[in-house]
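Chemist: Sequence:
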Amino acid sequence: MWVDDDACIKCSLCTSVCPVYAKDMQFPGPKTLGPDWWRRIQQLGNPEDYDEFVDNCTFCQLCEAACPVGVPVAHLIAEHKIRKPKPLIRKWRDYVLAHPHWIAKFPQLTKVPRSLAKALGLSTKITWPKKNFPRDNKLQHDRQRFSNAVGLLVDCYSRGFDGAVVDSARSLLELWGYDVFVVPESSLCCGAAAYAGGNRELGYQIALDMASQIFDQEGHFEILVTLNATCDSTLREEWRRYWHLSLPFSVMPFQEFALAYAPVSFWQQIRGYSTENDNLTYYVHTTCRSRVSRGSGLLDQLAEKAGFRYESLALDCCGAAGSYAFKVEHEELAKQMGMVTLNVGRLIVDSGTCALHLRQTTGLEARHPAFWLYRAYLQSKERNEITNATS
56 MWVDDDACIK
66 CSLCTSVCPV
76 YAKDMQFPGP
86 KTLGPDWWRR
96 IQQLGNPEDY
106 DEFVDNCTFC
116 QLCEAACPVG
126 VPVAHLIAEH
136 KIRKPKPLIR
146 KWRDYVLAHP
156 HWIAKFPQLT
166 KVPRSLAKAL
176 GLSTKITWPK
186 KNFPRDNKLQ
196 HDRQRFSNAV
206 GLLVDCYSRG
216 FDGAVVDSAR
226 SLLELWGYDV
236 FVVPESSLCC
246 GAAAYAGGNR
256 ELGYQIALDM
266 ASQIFDQEGH
276 FEILVTLNAT
286 CDSTLREEWR
296 RYWHLSLPFS
306 VMPFQEFALA
316 YAPVSFWQQI
326 RGYSTENDNL
336 TYYVHTTCRS
346 RVSRGSGLLD
356 QLAEKAGFRY
366 ESLALDCCGA
376 AGSYAFKVEH
386 EELAKQMGMV
396 TLNVGRLIVD
406 SGTCALHLRQ
416 TTGLEARHPA
426 FWLYRAYLQS
436 KERNEITNAT
446 S
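The sequence shown maps to residues 56 to 446 in the numbering used here.
Any given hint could turn out to be false.
[Stated by the list, open to error] With a straight-line Cα cutoff of 30 Å, these simulated DSS-like cross-link-like pairs (lysine-lysine) come out:
1) K186 <-> K65
2) K166 <-> K186
3) K78 <-> K160
4) K141 <-> K382
5) K139 <-> K186
[Stated by the list, open to error] Across the chosen pairs, the derived CB separations fall in these ranges:
6) E331 <-> E366: 16 to 22 Å
7) G125 <-> Q434: 19 to 25 Å
8) Q268 <-> L314: 23 to 29 Å
9) W157 <-> V319: 30 to 36 Å
10) L143 <-> S320: 34 to 40 Å
11) I441 <-> E420: 20 to 26 Å
12) L143 <-> R190: 37 to 43 Å
13) L397 <-> I441: 44 to 50 Å
14) P142 <-> Q81: 31 to 37 Å
15) C66 <-> D271: 17 to 23 Å
16) S241 <-> N334: 28 to 34 Å
17) Q434 <-> D271: 34 to 40 Å
18) L143 <-> D191: 37 to 43 Å
19) R190 <-> S170: 33 to 39 Å
Calculated from the structure, these hints are not laboratory results.
For clarity, every value in this text was computed on a predicted model and none was experimentally measured.
Note that the Cβ used here is the ideal one computed from N, Cα and C, for glycine as well.
Input sequences plus hints: build the corresponding full structure.
Modeler: This is how it looks when you write it as structure tokens:
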């Protein structure tokens, strides 16, 4: 199943970049929990061998990006996680959190009373998301293929709790002249949450449901635009490499699509407004999964092109890590990982859960780049209308 699983040369580069190891003195590090553990169980054949702190891994995959010989460190740790026995209540909690599309579909699940939350193993210190559906949550089936059509992958978090981002992204794509096919039709998950929690097989079964709806759109568009860095990475990495699900079109994060395909006139309009009227600093945070899959720099390029005054945020994994921060045993560590002191400003973040977490740890409004771009466009449009009316 694994490629290069036994190639570890014990250089410890994976440990040096691990954001959990930097904050948690009890965490053994990715080398110990991944390739060292894997070699041990292969040699000794003991399926019950596990480390007490293996669940502290956030599955950020920075360890894999640093590995000079291509060991799937984070994926070996995910395999390790499932070997650790848990109390029944924690198994139930983890099973529910492995299905974030359920929570997005029924957002009232986030309103668990605090007195009950802790007993269920849920954090009472982390801010839980509030329901925020997109204006149009349905896929139109009756449209024919258009030459300028694109797909817009609405992940389960954005569909249930970040509708303003979905609306912004869709409005911008249509403004740029594209016909938008929103997929999937209903709240479904790419399988990332289950995989990160150590249940690869469950993740695959969850991913199949989403894949069936996405594959139905073959021939309607050639590019699928994503709004969540984790989903973007999962569709292009886990789906292809570990689950053998190859999409019939290219997958591209919104910020990359905007830089490549938004018309010059759009950038000129918002840049003219931003450089003259927007004096707040935009702090740019490229999430860990995005850096691993796409590298750093896309969000910085977007901020530069939009005329925003910006600074790159020197932060590795912010600690949100999907459902990681919502588990009571990780709430303090997640908070430490995302704690950073900033001046007044705004945050550009390419993941909804990371934005939610950083809003709490920094006190600043954190949003997806589509939200900030569309806001700048509306403000520039309003200013132009006022100027034209008074001239």
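Chemist: So, for every hint listed, does it hold in this structure?
Modeler: These are the hints, each one checked on the structure:
1. K186 <-> K65: violated (46 Å)
2. K166 <-> K186: Holds. K166 to K186 sits at ~10 Å (cutoff 30 Å).
3. K78 <-> K160: violated (34 Å)
4. K141 <-> K382: Roughly 14 Å between the alpha carbons, so the hint for K141 and K382 holds.
5. K139 <-> K186: Distance of about 34 Å is beyond 30 Å: violated.
6. E331 <-> E366: 16 to 22 Å: holds (20 Å)
7. G125 <-> Q434: 19 to 25 Å: Given about 46 Å between the Cβ atoms, the range is violated.
8. Q268 <-> L314: 23 to 29 Å: holds (28 Å)
9. W157 <-> V319: 30 to 36 Å: Since W157 and V319 have Cβ atoms about 43 Å apart, the given range 30 to 36 Å is violated.
10. L143 <-> S320: 34 to 40 Å: violated (59 Å)
11. I441 <-> E420: 20 to 26 Å: holds (25 Å)
12. L143 <-> R190: 37 to 43 Å: Holds, at about 41 Å.
13. L397 <-> I441: 44 to 50 Å: violated (32 Å)
14. P142 <-> Q81: 31 to 37 Å: Roughly 20 Å apart at Cβ, these two residues miss the hinted range, so it is violated.
15. C66 <-> D271: 17 to 23 Å: Taking Cβ atoms as reference, C66 and D271 lie about 45 Å apart, which means the hint is violated.
16. S241 <-> N334: 28 to 34 Å: Roughly 42 Å apart at Cβ, these two residues miss the hinted range, so it is violated.
17. Q434 <-> D271: 34 to 40 Å: holds (38 Å)
18. L143 <-> D191: 37 to 43 Å: holds (41 Å)
19. R190 <-> S170: 33 to 39 Å: holds (36 Å)
Hint violations for this structure: numbers 1, 3, 5, 7, 9, 10, 13, 14, 15, 16, all remaining hints satisfied.
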